[in-house]
Every structure is written in C-alpha cells, then in structure tokens.
Amino acid sequence: MPAPIRLRELIRTIRTARTQAEEREMIQKECAAIRSSFREEDNTYRCRNVAKLLYMHMLGYPAHFGQLECLKLIASQKFTDKRIGYLGAMLLLDERQDVHLLMTNCIKNDLNHSTQYVQGLALCTLGCMGSSEMCRDLAGEVEKLLKTSNSYLRKKAALCAVHVIRKVPELMEMFLPATKNLLSEKNHGVLHTSVVLLTEMCERSPDMLAHFRKLVPQLVRILKNLIMSGYSPEHDVSGISDPFLQVRILRLLRILGKGDDDSSEAMNDILAQVATNTETSKNVGNAILYETVLTIMDIKSESGLRVLAINILGRFLLNNDKNIRYVALTSLLKTVQTDHNAVQRHRSTIVDCLKDLDVSIKRRAMELSFALVNGNNIRGMMKELLYFLDSCDPEFKADCASGVFLAAEKYAPSKRWHIDTIMRVLTTAGSYVRDDSVPNLIQLITNSVEMHAYTVQRLYKALLDDISQQPLVQVASWCIGEYGDLLISGQCEEEEPIQVTEDEVLDVLEGLLVSNLSSPVTRGYSLTAIMKLSTRFSSVNRIKKVVSIYGSSIDVELQQRAVEYNALFKKYDHMRPALLERMPIMEKTASNGPTEIVQTNGEAEPSVVEPKHPPPVGQPASQGNDLLDLLGGNDVPVIPTTMPTKPASAGGELLDLLGDLSLGLSLMAFYLFDLFKTVNFLSIGIPPMTAYNKNGLKIDFTFERANPNPNVAVITIHASNSTEADMTDFVFQAAVPKTFQLQLLSPSSNVVPALNQGTVTQVIRVLNQQKQPLRMRIKLTYIHKGSAVQDLAEVNNFPSQSWQ
Amino acid sequence: MNLPRMLLLLLTISITSSFQMQFMLLFSRQGKLRLQKWYVPLSDKEKKKITRELVQTVLARKPKMCSFLEWRDLKIVYKRYASLYFCCAIEDQDNELITLEIIHRYVELLDKYFGSVCELDIIFNFEKAYFILDEFLLGGEAQETSKKNVLKAIEQADLLQEDTKVSFSPSFLMVWSRNAAEVRDSCGGSEQASWVKTAFLLLVSTERKFWITLNKDMLRKIKMQAPL
Chain A
4 MPAPIRLREL
14 IRTIRTARTQ
24 AEEREMIQKE
34 CAAIRSSFRE
44 EDNTYRCRNV
54 AKLLYMHMLG
64 YPAHFGQLEC
74 LKLIASQKFT
84 DKRIGYLGAM
94 LLLDERQDVH
104 LLMTNCIKND
114 LNHSTQYVQG
124 LALCTLGCMG
134 SSEMCRDLAG
144 EVEKLLKTSN
154 SYLRKKAALC
164 AVHVIRKVPE
174 LMEMFLPATK
184 NLLSEKNHGV
194 LHTSVVLLTE
204 MCERSPDMLA
214 HFRKLVPQLV
224 RILKNLIMSG
234 YSPEHDVSGI
244 SDPFLQVRIL
254 RLLRILGKGD
264 DDSSEAMNDI
274 LAQVATNTET
284 SKNVGNAILY
294 ETVLTIMDIK
304 SESGLRVLAI
314 NILGRFLLNN
324 DKNIRYVALT
334 SLLKTVQTDH
344 NAVQRHRSTI
354 VDCLKDLDVS
364 IKRRAMELSF
374 ALVNGNNIRG
384 MMKELLYFLD
394 SCDPEFKADC
404 ASGVFLAAEK
414 YAPSKRWHID
424 TIMRVLTTAG
434 SYVRDDSVPN
444 LIQLITNSVE
454 MHAYTVQRLY
464 KALLDDISQQ
474 PLVQVASWCI
484 GEYGDLLISG
494 QCEEEEPIQV
504 TEDEVLDVLE
514 GLLVSNLSSP
524 VTRGYSLTAI
534 MKLSTRFSSV
544 NRIKKVVSIY
554 GSSIDVELQQ
564 RAVEYNALFK
574 KYDHMRPALL
584 ERMPIMEKTA
594 SNGPTEIVQT
604 NGEAEPSVVE
614 PKHPPPVGQP
624 ASQGNDLLDL
634 LGGNDVPVIP
644 TTMPTKPASA
654 GGELLDLLGD
664 LSLGLSLMAF
674 YLFDLFKTVN
684 FLSIGIPPMT
694 AYNKNGLKID
704 FTFERANPNP
714 NVAVITIHAS
724 NSTEADMTDF
734 VFQAAVPKTF
744 QLQLLSPSSN
754 VVPALNQGTV
764 TQVIRVLNQQ
774 KQPLRMRIKL
784 TYIHKGSAVQ
794 DLAEVNNFPS
804 QSWQ
Chain B
5 MNLPRMLLLL
15 LTISITSSFQ
25 MQFMLLFSRQ
35 GKLRLQKWYV
45 PLSDKEKKKI
55 TRELVQTVLA
65 RKPKMCSFLE
75 WRDLKIVYKR
85 YASLYFCCAI
95 EDQDNELITL
105 EIIHRYVELL
115 DKYFGSVCEL
125 DIIFNFEKAY
135 FILDEFLLGG
145 EAQETSKKNV
155 LKAIEQADLL
165 QEDTKVSFSP
175 SFLMVWSRNA
185 AEVRDSCGGS
195 EQASWVKTAF
205 LLLVSTERKF
215 WITLNKDMLR
225 KIKMQAPL
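From first to last, the protein sequence lines stand for chains A and B.
Take 4 as the starting number for the first sequence in my numbering and just add one per residue.
Take 5 as the starting number for the second sequence in my numbering and just add one per residue.
Careful: at least some of the hints might be erroneous.
Now the stretches of chain B that chain A is said to cover, found in silico as 3 or more residues with beta-carbon under 8 Å [claimed, not checked]:
| no. | stretch |
| --- | --- |
| 1 | 29-35 |
| 2 | 68-82 |
| 3 | 89-102 |
| 4 | 149-160 |
Restricting the straight-line Cα-Cα distance to at most 25 Å, the calculated cross-link-like pairs of lysine to aspartate or glutamate (DMTMM-like) are [said to hold, decoys possible]:
| no. | chain 1 | residue 1 | chain 2 | residue 2 |
| --- | --- | --- | --- | --- |
| 5 | A | Lys337 | B | Glu74 |
| 6 | B | Lys52 | B | Glu123 |
| 7 | B | Lys66 | A | Glu237 |
| 8 | A | Lys111 | B | Asp162 |
| 9 | A | Lys170 | B | Asp77 |
| 10 | A | Lys337 | A | Glu387 |
| 11 | A | Lys285 | B | Glu74 |
| 12 | A | Lys325 | B | Asp162 |
| 13 | B | Lys52 | A | Asp140 |
| 14 | B | Lys116 | A | Glu237 |
Hints were generated in silico from the structure; no laboratory data involved.
Cβ atoms here follow ideal geometry from the backbone N, Cα and C, with glycine treated the same way.
Using the sequences plus the hints, can you model the full thing?
Okay, here's the thing in structure tokens:
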C-alpha cells in the first residue's frame with residue numbers, strides 16, 4: 004500500500020477546490036482512504052491520518068471515527084503521536100462520550116512520565132476536557148505535581164487543580180496543603196496560576212475565603228513589587244510589568260476585601276497607588292485601571308478612593324478608544340446604585356454616547372441613561388431618550404419604550420407631560436411596546452379627568468395621521484368611544500380646539516373596522532367605541548346599521564360583540580344609556596408592573612383565555628367576584644375598578660352568556676373587562692343601589708325580576724358595618740304605599756359583623772301590579788356598643804327598571 | 005430558533021459559567037474557521053451553530069466599532085489582525101480589556117514562532133497554532149505570562165518530535181562523520197529541508213548547546229519539515 008498523502012499536500016489540494024461540491028468529493032475520497040488505513044491498524048501513518056482528519060473536522064466534516072485512533076496515538080511511545088493524539092482528543096472528544104474514560108489510564112501514566120513535555124500534554128488535556136469521573140481519578144496525581152519544584156509542571160498543575168475543583172468541588176480541600184508555598188514562588192507563570200487557583204477556592208467556599216484572608220499582605224507586597232520594580236523585559240507589556248498577573252491579583256483582592264473591614268483597610272494604599280501610578284496611554288494600563296476600579300467599588304474602601312475610581316471612569320468616558328468607553332459605561336452602570344451623584348456628574352457625556360454608531364456602546368449608554376433619570380432631569384433626559392427611540396435600531400425599541408414608560412410613571416412632572424410622553428412612544432415605536440401598555444395608558448387617561456378633552460383630541464389627530472400603530476389605534480378608539488362628546492364639543496383648553504362632526508368621527512372608526520392594517524383586537528376596540536358613541540352622538544341610526552352589519556362578520560369575536568350590541572339596541576334599549584356610561588376611575592394594580600413577560604405586539608398572539616367552566620348554577624353569592632377570579636386565574640392582567648359588582652344571584656342567563664364568553668375568546672384583558680361590564684349588566688338587568696348609609700351601617704339593594712311573574716320585584720338587602728364593633732339585635736323593617744304588596748323573608752342573621760367582615764342579607768318581594776314608581780320607608784333597629792339605635796329612612800331613588 | 009434547544013444550550017453554558025474563557029475562535033474575513041478551542045463541553049451541533057452565528061455577527065460589524073459584543077449571556081471580545089479575526093467568549097464579570105491583551109499575546113506568540121505570521125501559516129500548520137495556544141492557555145486561563153517561556157517550551161517540544169523517515173536518509177552517514185561546526189555551516193546553506201533536519205537532529209544529539217546558535221531562518225525550515 005502506498006504512503007498516504009501528506010497533511011500539507013492534502014490541505015493544498017483541498018484549497019484548490021473551486022466549489023463546495025468539489026471539496027466534499029475530495030474529502031470523501033480522502034476519508035475513505037483514512038478509514039481503510041485505520042482498519043488495517045497502520046501504525047506508521049496513523050498520526051498523519053488523524054492530523055488530516057482534524058483539518059477536515061475544522062472545515063465542518065464529520066470526524067468522529069477518529070476518536071479511537073486518538074486514544075491509540077496517546078498510548079503510543081512516540082512524542083509526535085502523543086502530541087497529535089492529545090490534540091485530537093481535545094478536539095474530537097468531550098466528557099459526554101464514554102470513550103473519553105478510556106484515556107484516564109493513559110493520562111495517569113503520562114502524568115508520571117519522565118519527560119516534562121509529555122506530562123505537560125497530559126495536564127493540558129485533563130485541564131481542558133477532564134470529566135468529573137476523570138478528575139476524581141487523577142486529582143491525586145495533579146496534587147503531587149502541584150508540589151514539584153519544576154515550574155513548567157507546577158503552573159499547569161495549578162490550572163488543572165482549578166479545573167478539578169470546578170468539576171468536583173468537594174475535592175477542594177485536597178489541594179489546601181499544596182497552596183501553602185504557592186505565593187512565595189518567583190516564577191510568574193506559577194504565581195499567576197496560583198492566584199487563579201486561590202481565587203477559585205475563595206469563590207467556591209466561604210471557609211477558604213476566611214482562611215486565605217491572611218494572604219492579603221503577601222498579595223499586596225507582590226503587587227507593590229510589580230509596580231515599583233524597574234523594567235523587566237521578560238514580563239513587560241508596553242511599559243507595564245506583567246499586567247496579567249496584576250489583574251489577577253487585583254481580582255483576588257476584590258474577593259478577599261469584599262465585606263471585610265480589615266482586609267479592605269490593608270489594601271487601600273496599594274489600590275490608590277495602582278490607580279495613580281498606572282500609565283494610561285495604552286490598553287494594558289487601562290485594563291489594570293479598570294480592574295482596580297472594580298475592586299475599589301466592591302470592597303469597603305475609603306470615600307476618597309471611591310471618588311478617585313469614579314473619576315477614572317469619567318476619564319474613560321472621554322477616551323478616544325471605543326473599547327475604553329464601553330468599559331466605562333459598563334462599570335458606571337454597576338456603580339450607579341451606590342454612587343448615584345458621582346455618576347450623575349458625567350450625564351452629558353453618557354447621553355452623548357447614545358449617538359454612537361456602535362450598538363454595544365449604544366445599549367450600555369441607554370441602560371445607564373435610564374438609570375440616571377430622576378425628578379430633576381426628567382424633561383431633558385426624556386427628550387434625549389425619545390429622540391433616541393425615534394432613530395435607534397429596531398432591536399432597541401422594545402427596551403427603550405418600556406424604559407420610557409417606567410421612568411415617566413415614576414417621575415412624570417405633570418399628567419399632561421406623562422400622557423404626551425406615552426403617546427409619543429406609541430406613535431414612534433407603537434409596534435414594539437409591550438401588550439400591557441395599552442391598558443396602562445387607558446387607565447392613566449381615565450384617571451386624569453381634566454385631561455380628557457385634550458387627550459381625545461390629540462389621539463383623534465394621531466389617528467388621522469397614521470392608523471398602522473396598533474396600540475395607539477386601540478387607545479385612540481377607546482378614548483373616542485368614551486369621550487366622543489368632548490371631541491365634538493371642541494372644548495379643549497390646553498390646545499386650540501378642532502372642529503369635527505359626528506360623521507367624521509364615525510368615518511374614522513369605521514375606517515378602522517375595514518382597514519387591513521387593523522388587528523382583530525383593534526377592530527373589537529373600534530366596534531365597542533362606535534357602540535358607546537350611540538349614547539354620546541345623535542346619529543344613532545348610522546351606528547345601528549354598522550352594528551348590525553358586523554352581526555354577520557366572519558370574525559367570531561366581532562360577530563359576537565355586534566350581536567350583543569344589537570340585542571342592546573332592540574331588547575334592552577331602555578338600559579343602553581346606563582350601560583354605556585362613562586367608565587369609572589380605575590385603581591392601579593400591581594399586576595401592571597415591569598416583571599411581566601415581555602411581549603411585543605408585533606409577534607405576540609393575544610393571550611388566549613383558557614376555556615374554563617362557569618361556576619355551577621345555584622351559587623347565589625358573589626357572582627361578580629367569581630367572574631373576576633375567572634379572569635385573574637388565567638394570568639391576564641385584571642384591572643379591577645370601583646364599579647359596583649353585584650354579588651346577587653345572576654341566574655341562568657348570566658351563566659349562559661358567560662359560558663359563551665369563556666369558550667371561544669381570545670382577548671386582551673381590558674377588552675374582556677369592557678365586554679364583561681356589558682354582560683354583567685345585561686343579565687342582571689337592574690343596577691344595584693345604596694339605600695342607607697349612616698353611622699357606619701350601609702344597606703345596599705340588589706334587584707332581580709322573579710321569572711314567572713314580571714310584576715314581582717325581588718330585592719335583596721345587604722347590610723354591612725364598617726365600625727369596629729358588631730351591631731347586634733339587628734332588625735330591618737320596610738313599609739310600602741298601599742298600591743304595593745310587600746313580603747319580607749327572614750334575614751340571614753341578626754348580627755352585622757364589624758369592619759365589613761360580612762353582611763346580613765334579607766330578601767324582600769314586592770308585588771307591583773300597576774307598575775308605579777316604587778317608594779319604600781325603612782326602619783332600622785340595632786344595638787351598637789351597648790346602646791340601642793333606631794333610625795328611619797325613606798328610599799325613593801329606585802332604578803326605573805325595578806318597577807317598570 | 006427551536007426554543008427547547010436554545011434553552012438547553014443556554015443551560016449548558018451557564019452551568020459552567022465560572023470559566024474565565026468559554027471558547028476561542030479564529031476565522032477569516034470570508035468566514036472560514038481557522039481554529040477553535042472550546043473550554044466548555046458542547047455537542048458538535050451546538051458548536052457549529054454558535055460558530056455560525058458568531059462569525060456572522062462579528063463580520064457584520066463595522067471596523068470602527070468597539071471590540072465587545074453582548075451575545076446571549078456571554079461577552080464576546082474580538083479583534084481583527086490582518087485577514088484573521090480572533091474571537092473569545094468570556095463571562096459577564098470578566099475584564100474585557102485584559103482579554104484583548106490575551107488575544108494580542110497569542111498573536112505575538114504566533115508571530116514570533118512563524119516569523120511574521122500570516123493566515124496561510126495558520127492554515128497549513130494549524131496543529132502548531134493549537135500547540136502554541138495550549139502552551140499559553142490552559143482550561144481558559146493564561147498559564148504563562150512570559151513570551152519567552154512559552155516559545156522555549158514549544159521549541160523544545162518540537163525537537164522531541166521524531167521524524168521516522170530521517171534516519172534512513174542517505175545524508176545520515178555523511179553528516180555523522182563531520183564535526184559540529186561543519187554541520188552547522190552546511191545546514192545553513194542547504195536547500196534540502198529533510199537533510200537539514202537530519203543534520204540538525206544529529207547536532208542536537210551530539211552537542212545540545214549548538215541549537216541556540218543556529219540562525220532563525222534555519223529553525224524555521226526545520227519547523228516546516230514536521231513529520232506530518
């Protein structure tokens with residue numbers, strides 16, 4: 004058999020290949036030759052073949068069939084074979100193939116070899132790819148080599164020990180005796196690797212950390228010698244003596260000094276010396292300064308030293324070298340929490356970095372800028388950040404937008420500014436904001452009553468400009484629905500009012516319904532808005548028409564809404580005004596916090612509400628709360644409102660509707676709640692009322708029509724007590740005019756518990772044959788804090804639905 | 005990207021995140037991989053995916069941008085030397101600037117060893133590039149801070165490599181008969197590399213001290229004449 008071609012020749016040949024296919028063909032041919040050579044157990048050329056295989060492996064071709072050959076090479080007596088064998092093992096094998104364990108014995112033999120370079124190869128391989136099993140088996144040999152006087156082996160053994168500890172931390176103590184004399188070594192290689200080993204041990208175990216604290220003076224001395232000693236050509240890097248060792252020592256000092264007063268005290272001087280004496284014209288010097296700054300910030304250093312450190316970073320910020328600027332931003336970000344004011348001084352430089360072309364620097368500058376925003380500088384900083392949001396790459400927009408939201412929420416100088424800022428974000432980066440920003444903004448707008456006219460006008464204008472930014476369109480639709488009347492009346496005080504007609508507004512909203520740019524959710528918002536306008540605008544017929552058209556929409560969600568709204572027009576027209584009333588002010592909930600899953604509108608699907616069965620029929624109490632639970636239980640951010648939810652029995656009608664509601668719905672929470680409001684009212688039909696509220700006693704009425712006889716109104720009273728003492732012997736009596744007949748059922752209890760901890764309920768049935776307005780006189784007697792209380796009251800503000 | 009796979013990958017990387025350097029890659033401006041050293045156990049598939057992704061990202065960056073890149077939960081430090089990119093993955097806590105120095109030191113070592121190194125040297129002698137790296141870094145940490153010591157170790161280890169063909173060379177006996185000084189003169193002038201190597205080996209075995217005095221040019225010829 005002829006000798007296989009040489010490695011260099013193969014490389015040369017492969018490089019002549021013009022196409023990928025040609026190369027593949029060459030490699031396949033060569034691989035076949037190599038395989039057959041392997042099969043013949045050819046010892047002479049095994050080394051050459053494995054080397055060729057490694058080259059092909061680097062080009063991305065499979066080389067796993069060379070794994071066993073590597074092991075054979077390692078076992079060979081020749082140095083060349085061993086060298087290539089170990090190299091191949093490191094490249095082709097790792098701890099996840101069991102084959103690697105076959106090496107253990109070879110490595111063990113080689114660790115005891117008479118030639119240091121063979122021992123070195125074995126150590127290098129063990130330190131690079133040794134698995135935990137291998138480490139357990141060979142830790143003893145490593146420990147032995149760590150104690151030799153041969154510095155070539157000792158440095159390698161130290162790093163091997165680091166690897167062993169990483170793989171099998173419980174073997175750490177084994178190396179403890181060997182660490183004793185490591186720092187008195189002269190050889191820098193050994194010193195460097197020893198410091199690495201000590202660092203590893205200190206990071207892993209608090210006991211070791213305490214044990215090695217006594218080394219601080221020795222480390223300080225080594226560092227001092229490094230910076231004070233003159234030029235030593237062997238370790239010099241552009242005028243600095245062994246920067247690698249210096250950085251390592253500084254890092255170990257950081258770990259040792261953290262949270263320890265004495266150690267920190269002992270290293271203060273040397274840190275100041277390094278910080279002031281290091282030459283900063285080259286990268287090396289800055290690398291050392293950077294490490295020094297990190298150490299100063301982490302240990303319990305003196306305040307003067309901390310100022311020095313921040314100033315070094317400030318100088319870094321002005322450096323021409325981008326790498327240095329990047330490092331400065333990163334470390335300022337780390338220290339901004341502890342030394343806020345010192346960092347604040349460099350604000351303008353940091354903001355300038357937002358304009359850098361480099362994404363790495365931009366990202367850091369953005370994070371740092373947000374960290375620096377406070378009540379005093381919010382207007383200026385936001386101007387910069389909004390400008391940045393306008394111009395930055397898409398990858399930044401989501402983070403930047405949520406940063407602006409958070410900062411605005413925290414430090415907004417005025418409501419108007421807050422609304423303007425958020426609207427600006429929605430117009431510039433609308434498709435990148437998180438889903439919860441829509442309900443958040445709606446909530447913010449609702450709560451700033453005096454801004455309604457201004458907001459709706461701004462949003463209407465924004466809608467005329469652009470209907471592609473979905474979150475903005477959703478907020479705008481919602482607001483136009485709620486405050487359409489304000490828009491038409493043109494009563495804006497903040498800004499010059501615009502004149503629009505009802506038809507123009509409806510045109511815009513209908514445009515949203517048909518636009519291809521609108522998402523299904525947006526259409527839902529828009530339809531609801533149109534519906535709400537039916538009570539605010541005079542053009543009800545047009546609205547009726549729109550609603551009935553969508554009753555046959557292919558979009559199930561839209562169809563359902565339209566059908567429900569249609570029913571509202573037809574069957575329940577009398578309660579439409581009440582249902583479509585303005586939403587009450589909402590309370591802020593914690594669920595809108597920044598911890599939520601970040602989803603951007605662009606890619607996220609609307610959260611799907613899992614079909615959940617409605618609560619079983621015949622559970623009269625707290626239906627409303629169950630509904631909220633249903634929402635909350637599905638991890639949708641719920642915005643509870645102060646809107647009174649009726650804890651009365653809702654009956655089958657509600658449950659049916661709810662069933663539908665919970666089955667096929669994929670809705671955003673807010674949208675759901677919006678709809679839910681309707682459902683709740685529709686089914687129960689009659690809004691609840693407060694009949695009496697005096698001296699801490701509150702009596703609410705809820706209503707229900709008895710099904711078989713529409714002339715009978717069923718009123719449930721709910722008495723609650725907000726004082727600290729129970730009300731005992733509670734008696735509720737009621738009287739009605741003679742045209743009515745009244746039946747009082749027995750109460751649930753005669754004690755109204757204190758602090759609203761429960762209610763007393765009692766059912767009243769009123770027969771109202773002539774459908775006259777209901778009036779009622781009530782008498783309350785109870786004992787509160789030992790004294791008897793009696794009170795009379797007249798109730799005549801019953802909702803019209805309760806008697807019509 | 006397949007989500008479970010990615011999670012798995014992140015998991016593997018973060019478990020072993022106490023490493024100083026996770027991996028080092030050398031690749032050309034055309035995106036061809038020239039050297040890869042992994043200090044974390046990953047499957048071939050994962051390695052290829054990471055390499056592909058990183059090569060693309062780094063090559064897309066403009067020359068004036070900074071040398072750092074945040075990528076997944078790692079920091080990538082890279083630097084371009086002529087047509088080659090040197091690229092290291094380090095942990096978030098690590099010192100990026102000193103990593104740049106480590107890359108630079110490795111380049112200096114290659115340069116000294118090959119004598120003004122170029123990409124072709126690394127392609128054709130990739131195993132040497134690995135040997136040098138392994139003499140400089142071990143398990144992702146620098147093991148030697150002196151250039152001289154690294155090069156000395158490499159050169160002496162090179163001398164241990166035996167060339168199986170040499171002992172049968174016809175020039176063997178001829179060289180044997182001459183004295184050391186003559187050998188040195190004749191190998192300096194010779195163009196035939198295998199012959200030079202033979203002479204050199206003999207020289208080393210008879211008079212170890214002489215190898216240092218040989219001129220650099222000759223040393224280079226001998227290196228190129230590895231038995232592979």
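Right, here's what the structure says about each hint:
Coverage of the stretch 29-35 of chain B by chain A is violated in this model, with 0 residues showing a Cβ closer than 8 Å to a Cβ of that chain against a need of three. For the stretch 68-82 of chain B, the stated coverage by chain A holds: 7 residues have a C-beta nearer than 8 Å to a C-beta of that chain, and at least 3 were required. As drawn, the stretch 89-102 of chain B meets chain A at 4 residues by the rule of a beta-carbon pair under 8 Å; at three or more, the given contact holds. Chain A is given as covering the stretch 149-160 of chain B, and this holds because 7 residues of the stretch bring a CB closer than 8 Å to a CB of that chain, at least three being needed.
With a C-alpha separation of about 16 Å, the suggested pair lysine 337(A) and glutamate 74(B) falls inside the 25 Å cut-off, and the hint holds. Annotation: proposed proximity of lysine 52(B) to glutamate 123(B) holds, straight-line Cα distance about 21 Å (limit 25 Å). Our distance criterion of 25 Å between C-alpha atoms is broken by lysine 66(B) and glutamate 237(A), whose separation comes to about 35 Å. Only pairs whose Cα atoms come within 25 Å are accepted, and lysine 111(A) paired with aspartate 162(B) is accepted, the gap being roughly 23 Å.
Distance check on the hinted pair: lysine 170(A) and aspartate 77(B) sit about 21 Å apart at the alpha-carbon level, within 25 Å; holds. The hinted pair formed by lysine 337(A) and glutamate 387(A) meets the criterion: a straight-line CA distance of about 22 Å does not exceed 25 Å. Taking the CA atoms of lysine 285(A) and glutamate 74(B), the gap is near 24 Å; set against the 25 Å cutoff, the hint holds. A C-alpha spacing of about 40 Å is found between lysine 325(A) and aspartate 162(B), which places the hinted pair above 25 Å, so the restraint is violated.
For the proposed pair lysine 52(B) and aspartate 140(A), the alpha carbon gap of about 31 Å is over 25 Å, so the pair is violated. As the CA atoms of lysine 116(B) and glutamate 237(A) are separated by approximately 14 Å, the hinted pair is consistent with the 25 Å bound.
Violated hints, in rising order: 1, 7, 12, 13; the structure is consistent with all others.
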